[in-house]
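Produce the complete structure using the sequences and hints provided.
As numbered in our numbering, the sequence shown has no gaps in its residue numbers, which increase by one up to the final residue, 261.
If you are wondering where the hints come from, they were derived from the structure by calculation, not from laboratory data.
There could be a bad hint or two in this list.
As the list claims (entries may be wrong) - The list that follows gives simulated cross-link-like pairs (lysine-lysine, DSS-like), each with its CA atoms no further than 27 Å apart: (1) Lys103 with Lys125; (2) Lys183 with Lys103; (3) Lys103 with Lys89; (4) Lys89 with Lys185; (5) Lys125 with Lys183; (6) Lys103 with Lys185; (7) Lys147 with Lys185; (8) Lys147 with Lys103.
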Amino acid sequence: MGQFYRGGDPFFKDSGMNELKATLRDLEQRYLLFKQQQFTFVAALDHTRENAHDKTKPVSTLSQVQNYLDHYCNSSTDKRIMIMFLDLCKDLSEFCSQLEDINPKACSPDDRLEKCKLLLSCNNDMSNIRAKYPHDEVNHLSCDESKHHYGAVISVLPVALDLLREGIGVIESAQYEAARNNRCEMQRAAFSK
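Below is the structure:
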């Protein structure tokens, strides 16, 4: 996707990278909409954890959120916000896979993309994940108990988006470098004739 070959060297269509950036912007917009409803999400987690008699341990995996939704969610508002969260996580994970598929061999955003895939995997224990400055999501939680119980799940989206932005940056740099190197080789070939 977005890549073609000429003379063995990779060139990239601008439209391919533009599509990726547009997809990322769409995901960021969806996240901003979700972020505006963070208190509703925390309340939904609180309600479902109470229904599950699971108030002592923190929410530490996406499968835990899915389980609360599937088995302990009684309110349509709670269902809506939990589905919004899980859909966004799924779409971020799919976008990460899409970036891996188009990743040119010359660059390695793999560490970022691997971290992102791991972060968004269903059973990954994310209890130690906390969004840091400039993200203030965790600071908006009401008390230490909320920060302890929901800090990880609130942090997963901004951290994943940061990793995806960094991955795209690495891919763009590699594309620029490959194009620049190819131009230099073409100029050398032209002068050597």
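Now the hints, each set against the structure:
1. For the hint pairing Lys103 with Lys125, the CA-to-CA distance comes to about 23 Å; that is within 27 Å, so the pair holds.
2. The straight-line distance between the Cα atoms of Lys183 and Lys103 is roughly 22 Å, inside the 27 Å bound, and the hint therefore holds.
3. Taking the CA atoms of Lys103 and Lys89, the gap is near 20 Å; set against the 27 Å cutoff, the hint holds.
4. For the given pair, Lys89 sits about 18 Å from Lys185 by alpha-carbon distance, which is consistent with the 27 Å threshold.
5. For the hint pairing Lys125 with Lys183, the CA-to-CA distance comes to about 24 Å; that is within 27 Å, so the pair holds.
6. Annotation: proposed proximity of Lys103 to Lys185 holds, straight-line Cα distance about 21 Å (limit 27 Å).
7. Among the hinted pairs, Lys147 with Lys185 is consistent with the structure: their alpha-carbon atoms are about 25 Å apart, no more than 27 Å.
8. In summary, the hint linking Lys147 to Lys103 is supported, as the alpha carbons are separated by about 16 Å, within the 27 Å threshold.
The structure fails none of the hints (numbered hints given earlier).
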